[in-house]
Each structure stands twice: as structure tokens, then as C-alpha cells.
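S.K.: As you go down the protein sequences, you meet chains G and C in turn.
So for the first sequence, my numbering puts the first residue at 1; every next one is plus one.
So for the second sequence, my numbering puts the first residue at 1; every next one is plus one.
Don't read these hints as lab results, they were simulated from the structure.
Some clues are possibly wrong.
The list treats identical chains as interchangeable, and a pair is accepted whether it falls inside one copy or across any two copies.
What the hints assert, rightly or not - In silico EDC-like links for lysine to aspartate or glutamate, alpha-carbon gap of 20 Å or less: (1) K263 - E286; (2) K84 - E96; (3) K23 - D147; (4) K23 - E163; (5) K268 - E290; (6) K84 - D101; (7) K91 - E305.
On a predicted model such as this, the values are computed, not experimentally measured, just so you know.
There are 2 protein chains.
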Amino acid sequence: MEKINGYTALIERTLARQDFNDKPIELYEPISYILSLGGKRLRPALTLAACELFGGDPQEALVPALGIEIFHNFSLIHDDIMDKAPLRRGKKTVHEKWNSDVAILSGDAMLVKAYQYIVSVKPEILPSVIKVFNQTALEVCEGQQYDLNFETQDDVLEDDYIEMIRLKTSVLLGCALEIGALIAGASVKQADAIYSFGESIGIAFQIQDDILDAFGDPEKFGKATGGDILNNKNTILRINATHNSSPEQLASLEANYASDAEKVETVKGIFKDTGALVYAQSRMNEFYDEAIKHLKDANGSTEIETELATFAQWLIKRDL
Amino acid sequence: MEKINGYTALIERTLARQDFNDKPIELYEPISYILSLGGKRLRPALTLAACELFGGDPQEALVPALGIEIFHNFSLIHDDIMDKAPLRRGKKTVHEKWNSDVAILSGDAMLVKAYQYIVSVKPEILPSVIKVFNQTALEVCEGQQYDLNFETQDDVLEDDYIEMIRLKTSVLLGCALEIGALIAGASVKQADAIYSFGESIGIAFQIQDDILDAFGDPEKFGKATGGDILNNKNTILRINATHNSSPEQLASLEANYASDAEKVETVKGIFKDTGALVYAQSRMNEFYDEAIKHLKDANGSTEIETELATFAQWLIKRDL
């Protein structure tokens with residue numbers, strides 16, 4: 001993944017050179033702050049990769065790529081308010097460090113800033129770039145609303161769950177890639193194919209994330225596992241397990257436990273016994289395979305295609 | 001104002017035909033709700049007027065004009081959260097009717113929707129239309145942040161106050177007009193002039209609003225007067241009066257009163273005695289005269305110029 005790592009480093013350097021320090025400072029400081037907290041910068045790196053995949057100059061995609069990253073961070077600021085999250089990447093969230101009003105308003109400003117970066121593309125492709133970006137931005141809002149709804153909903157269907165993660169996470173990967181393709185002058189068919197690659201790999205990633213949250217090695221996963229189980233979160237594991245549970249298993253899924261550890265172990269057992277773990281892994285593999293198929297259909301340069309395939313594998317095939 | 005009234009009626013009818021009833025309903029219902037609460041639809045009407053002023057077909061400006069109105073209503077939803085406002089146009093605000101999370105997220109979706117409407121313009125003018133819209137959207141956020149800051153700031157300077165109302169209110173009037181001009185194919189000079197007309201008339205309107213909040217006839221003003229005085233709000237009247245007060249007057253401005261009525265009457269007396277009322281009226285007239293000058297400079301059709309001049313007068317010269 002030498003290329004992708006190069007792209008992320010380039011994004012990081014370019015982002016660090018952006019000056020958001022306008023006035024009033026209450027509006028702009030949180031923008032610099034959230035962007036300084038890091039993150040993998042995968043989305044904008046995908047924009048550069050897609051641009052090069054179709055023979056474009058990644059340098060030309062740099063400013064719009066930053067727009068994708070700024071949009072992503074806007075959504076984090078607002079989501080963190082709704083999720084009452086105290087921390088983001090180990091540091092205080094914007095609404096905690098300042099307050100909710102500041103987080104709402106600087107988030108709004110950041111969404112507009114994202115547009116300012118995105119629309120820097122050549123006029124010829126501006127209509128198609130802004131069309132996919134508008135559509136995506138709206139879908140990300142829809143995904144977040146479904147996610148909020150599912151927190152208090154008992155009977156979430158698997159299809160609805162997949163649609164939620166598609167909207168909340170995957171479409172932005174697709175959009176990041178498609179914008180890179182459009183900048184490179186790719187055909188509509190190629191742009192669609194690379195969008196679908198992002199969409200499918202995003203869903204595969206989220207399913208894998210559900211699996212790792214329960215069964216991952218905390219060291220490798222990068223955070224404590226079992227959180228979703230303790231929160232009774234509607235993940236694909238829980239949805240599938242509920243569907244296939246015996247009355248006893250169902251009772252165990254909903255019971256109170258003396259300790260967190262006991263709950264996590266019991267529920268993991270049910271996820272295995274009901275076949276939910278194996279099922280989730282098979283669904284993940286389905287979306288992964290679809291992603292690779294779309295990547296091939298995109299018919300771009302072999303070098304970058306290989307790079308993106310390695311990236312997809314890295315994103316998904318993390319050790320359990 | 002027959003033309004402008006015709007435009008607002010056209011906007012109202014067209015808005016009523018828009019279908020925002022997508023899913024999830026928690027995201028989209030608030031959009032239909034806030035837009036159904038009414039409002040004068042002046043901003044989109046200005047877009048249509050500016051289009052016709054420069055020989056364009058107002059019909060062509062209709063969809064982007066709706067985008068302006070949708071943007072305005074997005075800002076109301078988010079401002080109402082920050083201002084903890086229970087009511088908007090006599091009905092529950094979105095965060096009161098639903099909750100803050102819904103208000104944040106449906107506001108976000110509405111901002112994106114505004115872009116979807118705005119970018120429906122012809123590709124040739126899309127870059128310039130989106131440039132002024134982006135700039136304006138950012139400035140509206142800046143204005144709201146300054147307004148929040150000024151609530152708890154003692155020593156607000158008049159220039160900073162004027163800048164705040166320019167950002168919070170006036171630039172969107174300018175933007176609405178400029179987009180209409182761009183759609184009609186006006187020259188850069190004409191588009192700039194009509195923007196400046198909106199900017200100046202917006203500032204004049206806000207100053208007049210400050211004056212009427214203290215000295216207006218509640219019947220004609222459409223709401224109870226004295227609210228700004230009771231809230232010790234930094235208006236141009238209070239800023240100027242503070243600047244020119246004797247120590248005794250200063251003490252009276254900051255004193256506690258036995259009754260609201262006593263406070264309002266005493267402070268109004270100080271606004272008069274210090275010359276703040278006359279000063280505010282002179283500032284208002286200055287901006288009004290500037291607006292009319294810009295309108296003439298725009299050099300559009302005489303018929304619509306007259307219409308916009310009448311509109312400006314109607315907006316400002318409301319009886320005390």
C-alpha cells in the first residue's frame with residue numbers, strides 16, 4: 001500500500017497547511033481543532049487514488065479531496081453532539097471542549113467549507129461532482145437518523161441495518177472515489193463502478209467492525225471489545241442471533257448480568273451457537289467480493305487497481 | 001409592490017408543491033414543518049425580482065430562489081436551538097416539537113437541500129452562483145456566532161455591531177439578489193451593485209428593527225415592544241446611548257427596576273435624551289440612501305427598479 005500511504009501523507013501535509021484561523025475564533029478554532037486530531041485520512045486518499053486509477057493527476061484532486069475530509073469531520077462534530085460522546089480520538093469532542101452551540105455552528109461552517117473545497121474542480125465537471133456530493137451528504141444525514149432510530153428500536157431488520165450502514169458510512173467512500181474518477185475524466189460507467197467499489201467495501205468494513213467489536217483482539221482492534229454487546233447495540237450479529245435464537249437464548253440476550261465480563265462471554269457464546277458469527281462473516285465476504293468485482297469492472301490502471309485491492313484487503317481482513 | 005407580491009405568492013405556491021416527504025421521516029418531516037410555518041418569502045422574491053430587473057425570466061430563477069428560502073429556514077432551525085427559542089411564527093420550534101438531535105440533523109439535511117436547489121442553475125453560471133452562495137452561507141454562520149458573543153459582551157463597538165447584522169442578515173439579501181442577476185446574465189458590475197443594494201437595505205432594516213423594538217407601535221410592529229430593553233440587548237440604541245451617557249444615565253441603564261414597564265420607559269427616555277434615537281435614525285437613513293444609490297447603479301429595467309425602490313421603502317419606513 002505504498003501509494004495509498006503516500007496519498008494519506010500528502011493529505012496530512014496539505015491539511016496542516018490550510019488556514020482556517022478566521023474570525024470569529026469561536027467559529028473557526030473548532031475546525032482547526034477537529035482536523036488536528038488526526039484520523040487515517042482514508043477518504044481523501046481514495047479520491048487521489050481514484051484520480052490516478054483513471055490516469056488523472058492526483059495533485060488536481062487534492063483540494064476536492066480535502067473537501068471530503070472536511071465533510072467527514074463536520075459529520076463527526078454533529079454526530080458527537082447527538083451521541084453525547086465525550087471523546088474523539090482520545091481528545092475532548094468539540095461540544096465538550098467548547099459547548100453544543102459552538103459545535104452546531106462550527107459544524108455548519110465546516111459543511112459550507114467542505115463545499116468550498118469540493119467546488120474547486122474544473123467547471124466542466126462541476127455539475128456532476130456537486131450532484132454526487134449533494135446526494136451523498138443527504139444520505140449521510142439519513143444514515144445518522146436511522147442509526148439514532150435503531151438505538152431505541154427492537155425489531156431492526158437486517159436489510160434495514162445494512163441500508164443504515166450503507167448510508168452512514170459507505171456512500172461517502174463511494175463519493176470520494178467517484179469524485180476522483182470524475183476529475184480524471186473517467187467515463188460514467190467507470191465512475192459508477194468505482195463508486196460501487198467504495199460502497200461495497202464500506203459495508204464489508206462495517207460488518208467486520210461489528211464482528212471485531214465482539215470477537216476482535218483488543219490489541220489489534222485498537223479499542224476495548226464487547227462495547228456493542230454491553231450496549232445491546234443492534235449489530236448484524238445481534239440482529240441475526242435474535243432471529244435464530246431459542247427462547248432460552250433470547251432470554252439470555254436480554255437478561256441482566258452480574259458482571260460485564262459474564263454478559264460479554266455469554267452473548268458471544270450465543271452469537272457463535274446461533275450461527276450469527278459465521279453468518280456475519282459470510283455477509284462480509286459477499287460484500288468484499290462484490291467490491292473487488294466492481295473494482296475490476298472499473299477497468300483502471302493495473303498498478304492502482306492492485307493498490308486499491310490491497311487496501312480493501314487491509315481494511316477488511318484484519319485478524320480476529 | 002404588485003410585482004413583489006406576485007413573486008412571493010408564486011414562491012409560496014411553488015414551495016407548497018415541493019415534496020420533502022422522504023425517509024426517514026424524523027429527518028424530513030421537520031423540513032416540511034418549518035417551511036409550512038410561512039414567513040414573508042422576501043428573500044426568494046428578491047431573487048425573482050433581480051432576475052427580471054436584468055431582463056431574465058423569473059421562472060428560470062424559481063428553483064434557486066427556493067434554495068435561498070430553504071437555506072434561510074435551515075439557519076432558523078439551528079439558531080432557534082442556540083437561542084433556546086420555544087416558538088417560531090407562533091408555532092413550536094423544531095427542537096421543541098421534536099428534540100435537539102432532530103433539529104441539528106434535519107437542519108443539516110436542509111442546508112444540503114438548499115445546495116441541491118441552488119445548483120440547478122445553468123452550468124455556465126454555476127461557478128459564480130455557488131461562489132457567492134458559499135461565501136454568504138459562511139458569513140451567515142459568522143454573523144450568528146458574533147450575535148451569540150455579543151449577548152455576553154459588555155463593550156460591543158458600533159462598527160462590530162453593524163458588521164454582525166451585515167453578516168447575520170444582510171448578506172443573504174445581497175446573495176438572493178445577486179443570484180437572480182447572474183441567472184439573468186447581468187454583468188459583474190450589475191450583479192455587484194444589486195448585491196450591495198441588498199446588503200445596505202438589510203442593515204437599514206435591522207437598525208429600523210432595533211428602533212421599532214423600543215419605539216414602535218406594537219400593533220403595527222407585529223410584536224410586543226421593549227423586549228430588547230428588558231434583555232439589555234446590545235442594539236445600536238444601547239451601544240450609542242452607553243457611549244454618550246452621563247454617569248447617572250449609565251447607572252440607570254444598568255439598574256434593576258421594580259417593573260418591566262418602568263424599565264422600558266426609563267431606558268427609552270435615556271435613548272432619547274442621549275441622542276441615541278436620532279443617531280440610529282440617521283444611520284438607518286444613511287444605509288437606506290446607500291441602498292437606493294446601489295439600486296440606481298445596477299441600471300436595470302425601470303419598472304423593476306421602481307418596484308424594488310418601493311419595496312425598500314416599505315421595508316424601512318414603517319411607522320414608528
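S.K.: Evaluate each hint against the coordinates.
M.R.: So, going through the hints one by one against the coordinates:
no., hint, in the structure
1, K263 - E286, "neither (30 Å within a copy, 72 Å between copies)"
2, K84 - E96, "both (9 Å within a copy, 19 Å between copies)"
3, K23 - D147, "between (34 Å within a copy, 13 Å between copies)"
4, K23 - E163, "between (40 Å within a copy, 12 Å between copies)"
5, K268 - E290, "neither (28 Å within a copy, 72 Å between copies)"
6, K84 - D101, "both (14 Å within a copy, 10 Å between copies)"
7, K91 - E305, "neither (36 Å within a copy, 55 Å between copies)"
Checked against the numbered hints above, the structure breaks hints 1, 5 and 7 and satisfies the rest.
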